[in-house]
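Residue numbers (the numbering used here), protein chains in the order written: chain A, 2 to 226; chain B, 333 to 536; chain C, 15 to 107; chain D, 26 to 597.
Simulated from the structure, these hints should not be mistaken for lab results.
Idealized CB from N, CA, C, for every residue including glycine.
It is possible that some hints are incorrect.
Residues from chain A shown here face chain D by an in silico Cβ test under 10 Å; the list is partial [as the list claims (entries may be wrong)]: (1) L74; (2) I75; (3) I150; (4) P152; (5) I156; (6) C176.
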Amino acid sequence: MLKLIIYVVGTIFVLVEGTLLAFVILYRRRKGERAAFVRGDSLRQLSWVLIPVVIVAFLDVAIDVMAKPVWELIKEQSPPPGLTVKLAALQFGWEFTYPGPDGKFGTPDDLVQTTFLTVPAGQVIRLLMTSKDVIHSFYVPQLRLRQDIIPGREIPAWFEATQPGKYEIACSQLCGISHFAMKGILRVLTPDEYKQWVSQHWPKSGAGPGKSASGARSSATGKEG
Amino acid sequence: MANSAVEIGIAHAPHEVPTSFELGKLGMWVFLAGETMVFGGLMGVFILVGISHGGWGPDGAHVNWLLGAFNTLILFTSSLTAALAQGAARVQDSPRAKRYLSATALLGVLFLVIKGFEYAGDFRDGFTPLAALFWSFYYVMTGLHVLHLFAGIVVLFGLMFMVTPRTPAGWLERKLKYVCLYWYFVEAVWVFLFALVYLAPTAG
Amino acid sequence: MEQTEFSASDSLKTWALLVVLLLVGALAVPLGLPRSLALWVIFAAATAQAYVIGRYYMRLRSEDVLIYTLALLPVVTVIILAFVLTPDVAMHR
Amino acid sequence: MAETSPEAVPSTEAHEQMGFWQRYLFSVDHKVIGKQYLFLGLFMGFVGVGLSFIFRWQLAWPGTAVPLWGKVTAPQYYEFVTMHGTIMVFFVAMPVLLGAFGNFLIPLMVGARDMAFPRLNATSFWTIFVGSVLLLLSFFVPGGGSRAGWTNYVPLSDASKYLPGTYWGGNLWLIAVAIDFASVLMGGINFLTTAIAMRAPGMTIWRMPLLVWEELVASVLFMLSVGPLIAGVVMLLFDRMVGTGFFLPDKGADPLLWQHLFWFFGHPEVYVVAVPGLGIAMEILPVFSRKPIFGYHAIVWSTLVAGTLSFTIWAHHMFVSGMDPTLAEPFSVTTVAISVPFAVILFCMIATLWRGQITLSTPMLFALGALANFILGGVTGIPLGTDASDIYLHDTYFVIAHFHNTLVPAAIIAGFGGIYYWFPKMFGRMMNDAWGKVHFIFTWVGFNMVFIPLFLIGLGGGQRRIYMSSVYTYYKPLQPLHVIATIGLIVIIVGQIPFLVNFFMSMFRGAKAPANPWNANTLEWATDSPPPHENFHAIPTVVRGPYEYSVPGMEQDWAPQAAAVESGAAQG
């Protein structure tokens, strides 16, 4: 999606700059010649400008039409999550609260982890994000996911990581002097590793957090964005 | 804003271009347009934040709307005298215009005095700017209006001070056109402030 | 610009009109009207007062189109601003 | 011009009798005020670029000592980033484009003796002067200046507990910005009144030079957009100094409100800066192509449409801010739609070159450079204005590169073009053209060396406002690009030395300028260089539009706007 837009606008850009450069070179001042007297106020002359403008407008509309479903998918809909995690941002760090085996927040089996967000690969993870002080922004460059976190609101976001591994979580809204160091780690584990991780943290219960959820979506889009 | 360019502007005539605008009046309207955005933005925010809180509730019920209504009456009367001053200046009756103007300015002062008593009463009852969000808005909005009114009063007194028997004919009339414009604008702002922070929170 | 003179009696009439409108708006409080009705009355009265001030005192009735534009443009802009902000600022809770 | 009344004869003698203070410091002459603005803007510009040098060095080589400065700490880094943005937008772009060129040129271009309210004009300058002093002062108050970013988002900027130690820095920032707004509003009153009511005979609105149009649109945009933010600034000052809670979430307020107010102003503000910058380019292009501007009416109407639309697109700065996501879609559509009027303007400017006779003089080079980069800034706005792709690109260097590619061409590159172009009119002497070209090459090449790498960093996900990029491993491959960008900045700074020398040398030593050195049409060239105290010996009568170059059947290839009587002074 992003690439497409870049290609479209890149082409426009090259064409327009090319025209500009060509005009500058072609119409350098020559002795004894006079410039053409073209006011460009009649519709006929203006059409030289208006036709490219119409093309630009058409491409604009096309981009918007294509962007709409992507935006809706990311920000307005939320597929049924395999795991819901509460996220609290603060100066300067991240706190992730897992609901525990019962799948409910506010119960004794909740687990609070700082900095590290551990999730299984291939599952939809739903984040409920709040801030304890100023505006922060949850940003995982590799997932192309970004969402500001506003104190006083609970903001949902979701993602689905397909590749196990370690990813960096960054804050991307200036939040104070140590904004640059507000780093978290997203650990995406394979389902087996994840099971192990769960049994380490909730040794008593067999089921992992939110295991009962309606299952992972088969990842057609792969990553977000 | 008084300046010699007013005369220069007139000296341009005859014009092909329809520029019969009086500079002072035009400039004042531009200024007022900007002011409308300041007050309008503030009022818009006040309304929206109010809605998001589900109305101002008991916070807003303590505002003294009777004093506010009386102050509105005072401002209306001050505008009446301002209009009468304009009428007097138009027939070149400077002394009468000055009398009306002083009435306008004094009514403005009276408004401020009453407002001061009102603020004092609010403070006594514990309704400081920190008491609640409503009161924060109340003080910022009415305070901004008070500042504007104060500026208007200063200008009016300055104008009366500047009018001497040697003042050229028509000078006061021209000045009054835009000074009074400002005064009326401040009054119109008050009308909305009165409705917003006095009447609406206490009604129903 | 002024085609019509604005006489002293006109000023008095305007003043009287304003006072009547003030009474209409202010009486909505002690009369104990239902809240939504009271709000309608209050803001209708305020708008009417502003209209009277603008038309008669500020001489809008005898002004040029340009002045009208200058006076109305900010009002329209503020209203648009308020409406667009409504879903986000006023309704999100 | 026989009908000009005798009292309109310029009172040069009276002017000569004024003392130095009255004539140069507290002058009410729009030309002197324009130059004051220019000097203020240049000075603040060098402060702003100096700050950017310090933090760009930190970005390229984190943790190393900056030449002439030393190591940069994180608080300093955020302070400088904040101040750079504030200074460049509010105290360089606006004073230069509106204050300097607007003040100097509007009365000259419409054929007026001065601004409508000269004293208000002087007040406006001294107001912004006080604002600049206060802003610079905030570096030296205990705790240093504001570190909340130039957008000053709440609640970070709202309470000292979030940014320890910057109590006075934050307050001064707000006060300085509010003063700046007041100053520009005063200027706008003058611009509008002067251009509406003080035009010379025959100067119909469709004969006004495009720069006047653009300055007018900018003034209207500013007037209509800044009010709510002024209210917001007052509320924020109350929050900080009195302790109210307009924007504090723990007191039940909504922090997004500030963002809405800021960007409701902020986006029109971008056009307040961009549109006069384009206006300068529109004045220069026809003169050095010897051709009428292509589609005068189309440009004016597009500017008006773009100005109107600019009030409906502000939330594209806030797609990922947590606002109601349904709001994003209409804003995305309007944002992308605004590219249409701008496309008309830019294509018209390019079409002006078509079949022209182009002289690549220094002003023309700057105008072309500005145009080229403005196009780049424009097309990169589309991925940002599209809500879906903005999720990724928001708050990365892509955004930085995008808005620098719109504002710098408008304010700095076109501004330099304007300085070279109107310098003869301002100071009565010519600037050196060869050194001007050197200046252009350094500035323009350096500028692109800075910002093309930044686009790539942004595409790689590199965030802005990261003091120490080595914190993140994903940033590692992007780091060399930062080095290139910083070298580009050094190129720019080196390139300003010839400008400064040229500027001040030419002011005293340059060749005497004729009244109309460029054979241009607009009214400012119909009077002496520099113009006499009240601009014109006799108010000219305007007989034609501003861009009548190479009119068929005329001997010379330019046709001044003023009637023949005045052209006696205009023998170039």
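- Could you check the structure against the hints above and give me the numbers of any it violates, in ascending order? When the structure is compared with the hints, none of them turns out to be violated.
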